[in-house]
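**Q** If you want the building blocks of each chain, they are given just below.
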Amino acid sequence: MSSPLWEVFVRPRRGLSHTHVGSVHAPDADMALRNARDVYTRRQEGVSIWVVPAAAITASSPDEKDAFFDPAADKVYRHPTFYDVPEGAKHL
Amino acid sequence: MYGNDFGELSGLLDQVDEAEKALVAAAHRDADAGADDPQTYFDGVLAADQKIEPRDWMPDAYRKTLIRQIAQHAHSEIIGMQPEGNWITRAPSLKRKAILLAKVQDEAGHGLYLYAAAETLGISRDELVQLLLEGRQKYSSIFNYPTLTWADMGAIGWLVDGAAIVNQVPLCRCSYGPYARAMIRICKEESFHQRQGFEILHTLAHGTPAQHAMAQDAIDRWWYPSLAMFGPPDADSTHSEQSMAWGIKRFSNDDLRQRFVDMCVGQAEVLGLRLPDDELRLNAETGHYDYTQPDFDELMQVIKGNGPCNRQRMAHRRRAHDEGAWVREAAEAYAAKRAQPVGAAA
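The listed protein sequences derive, respectively, from chains C and B.
Just so you know, my numbering puts 20 at position 20 of the first sequence, and the rest follows in order with no gaps.
Just so you know, my numbering puts 41 at position 41 of the second sequence, and the rest follows in order with no gaps.
Fair warning: there could be bad hints in the mix.
[Said to hold, decoys possible] Computed cross-link-like contacts, DMTMM-like style, restricted to lysine to aspartate or glutamate with a CA-CA straight-line distance of at most 20 Å:
no.: 1; chain 1: B; residue 1: K64; chain 2: B; residue 2: E241
no.: 2; chain 1: B; residue 1: K64; chain 2: B; residue 2: D43
no.: 3; chain 1: C; residue 1: K90; chain 2: B; residue 2: E269
no.: 4; chain 1: C; residue 1: K90; chain 2: B; residue 2: D14
no.: 5; chain 1: B; residue 1: K21; chain 2: B; residue 2: E189
no.: 6; chain 1: C; residue 1: K90; chain 2: B; residue 2: D17
no.: 7; chain 1: C; residue 1: K75; chain 2: B; residue 2: D106
no.: 8; chain 1: B; residue 1: K138; chain 2: B; residue 2: D126
no.: 9; chain 1: B; residue 1: K64; chain 2: B; residue 2: E119
no.: 10; chain 1: C; residue 1: K90; chain 2: B; residue 2: E189
no.: 11; chain 1: B; residue 1: K21; chain 2: B; residue 2: E53
no.: 12; chain 1: C; residue 1: K90; chain 2: B; residue 2: D262
no.: 13; chain 1: B; residue 1: K97; chain 2: C; residue 2: D74
no.: 14; chain 1: B; residue 1: K138; chain 2: B; residue 2: D297
no.: 15; chain 1: B; residue 1: K188; chain 2: B; residue 2: E20
no.: 16; chain 1: B; residue 1: K138; chain 2: B; residue 2: E127
no.: 17; chain 1: B; residue 1: K188; chain 2: B; residue 2: D17
no.: 18; chain 1: B; residue 1: K97; chain 2: C; residue 2: D84
no.: 19; chain 1: B; residue 1: K95; chain 2: C; residue 2: D70
no.: 20; chain 1: B; residue 1: K95; chain 2: C; residue 2: D84
no.: 21; chain 1: C; residue 1: K90; chain 2: B; residue 2: E18
no.: 22; chain 1: C; residue 1: K75; chain 2: B; residue 2: E189
no.: 23; chain 1: B; residue 1: K188; chain 2: C; residue 2: D84
no.: 24; chain 1: B; residue 1: K21; chain 2: B; residue 2: D49
no.: 25; chain 1: B; residue 1: K138; chain 2: B; residue 2: D236
no.: 26; chain 1: B; residue 1: K95; chain 2: C; residue 2: D74
no.: 27; chain 1: B; residue 1: K64; chain 2: B; residue 2: E134
no.: 28; chain 1: B; residue 1: K138; chain 2: B; residue 2: E298
no.: 29; chain 1: B; residue 1: K304; chain 2: B; residue 2: E134
Please keep in mind that the hints were generated in silico from the structure rather than gathered at the bench.
Based on the provided sequences and hints, a complete structural model is requested.
**A** Listed below in structure tokens is the structure:
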């Protein structure tokens, strides 16, 4: 039986967010951290790693992508560029 | 001074962009690592203008100060939905209504980003909500003023959101990573809020005499409470000095207030509306506008709970929380039911 899959997130530098970089197999969380370190940060790519059981991630379905994200498509007024800034108005 | 974010008064989005670039640049600088003593390491990170992250050692007081500040900020976003929510059903057109809905929805979103940032400091969301409901944590006193006319939606967007932005742009450079990153996201979205308020006022100010008068009345009522949003004068500000040393706060209350006034004068001229201050004039020596201070005794009264709407805001929040209880319970019951292994007794 192969060991479970873990998704790996690396914080590249202090001040930046953790970013998904890939996955590893490992029997437990500690091993997953060590494997992730060896696979993804051999060249000092990070200062912090998160591992998350892949089974714990719920993803949106690609088939439903359009319907899922549609509600945001017709709301141009959420963007500042929707509004006319009168001539001479500064710092807006 | 940090970069050029306080010299030239550039546009909001440019300033946020600058802050984001500075964050990335600082992240790529090599700081002095290897100090064994945690306090020395903490001080070194701050000195290098880099970010403290959730699992780093930090002084207890730094953690407490951040929890207090981020929580107050989150609560303000949540309570801040009420004065504007008051006008959703009475917006003058479908377009204005859709925009106002989107804006109030953003405030809820901002509250959630901030609660999430606070939770990285080891306090739970439930605790934070409880502290608000019990009145043990505060929210911005500006939301204890009533929104009497449609023009108030414009005044809130232009003045209240404008003041909030002046306060918040420097927070994009805060020393605590999760807070700084949340603020960058929030400030980018706030730009729409400020502009839509300005547009509402501009439309009213260039409409009928009655509409113009309504816009002017809103400015007359919101100007001084907006100035008070920057907090007490520096001499009386209790938390400022330590927060500056920790890189949580970057500029003093009075500096930010001055900046806001300087920004608003030109914008009011474009609107064709008057800022209600006879003492307002450019000081040739300082290059800044002299202005009348807000009534800080009134601010203290509102903070103590005696503003025009304090009780109404808290009563509404408690009622909304209680009336939403069945939704939370139903969602939990459904999740528990789905979590039962296949074949278990139904």
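**Q** Regarding the pair B:K95 and C:D84, is the alpha-carbon distance no greater than 20 Å?
**A** Within the cut-off at roughly 15 Å; holds.
**Q** Verify the proposed pairing of B:K64 with B:E119, using a straight-line Cα cut of 20 Å.
**A** 12 Å, holds
**Q** B:K21 and B:E189 were given as a pair; does the straight-line alpha-carbon distance stay at or below 20 Å?
**A** 17 Å, holds
**Q** Next pair to validate is B:K304 with B:E134; report whether the Cα-Cα distance is within 20 Å.
**A** Holds, because 14 Å separates the two Cα atoms, which is no more than 20 Å.
**Q** What's the verdict on C:K90 and B:E189, does the C-alpha distance respect the 20 Å limit or exceed it?
**A** 18 Å, holds
**Q** B:K138 and B:E298 were given as a pair; does the straight-line alpha-carbon distance stay at or below 20 Å?
**A** Holds: B:K138 and B:E298 sit about 16 Å apart, inside 20 Å.
**Q** Given the hinted pair C:K90 and B:D17, is their alpha-carbon gap at most 20 Å?
**A** 17 Å, holds
**Q** Can you confirm whether the C-alpha distance between C:K75 and B:D106 stays at or below 20 Å?
**A** 13 Å, holds
**Q** Under the criterion that the straight-line Cα-Cα distance not exceed 20 Å, is the pair B:K95, C:D74 satisfied?
**A** OK: B:K95 and C:D74 at ~12 Å, within 20 Å.
**Q** Decide if the proposed pair is consistent with the structure: B:K97 and C:D84, CA atoms, cutoff 20 Å inclusive.
**A** 18 Å, holds
**Q** Does the structure keep B:K97 and C:D74 at a Cα separation of 20 Å or less?
**A** Measuring from Cα to Cα gives roughly 15 Å; hence the hint holds.
**Q** Mind checking the alpha carbons of B:K188 and C:D84 for me, to see if they're no more than 20 Å apart?
**A** Answer holds: B:K188 to C:D84 is near 17 Å, not above 20 Å.
The earlier numbered hints are all upheld by this structure, with none contradicted.
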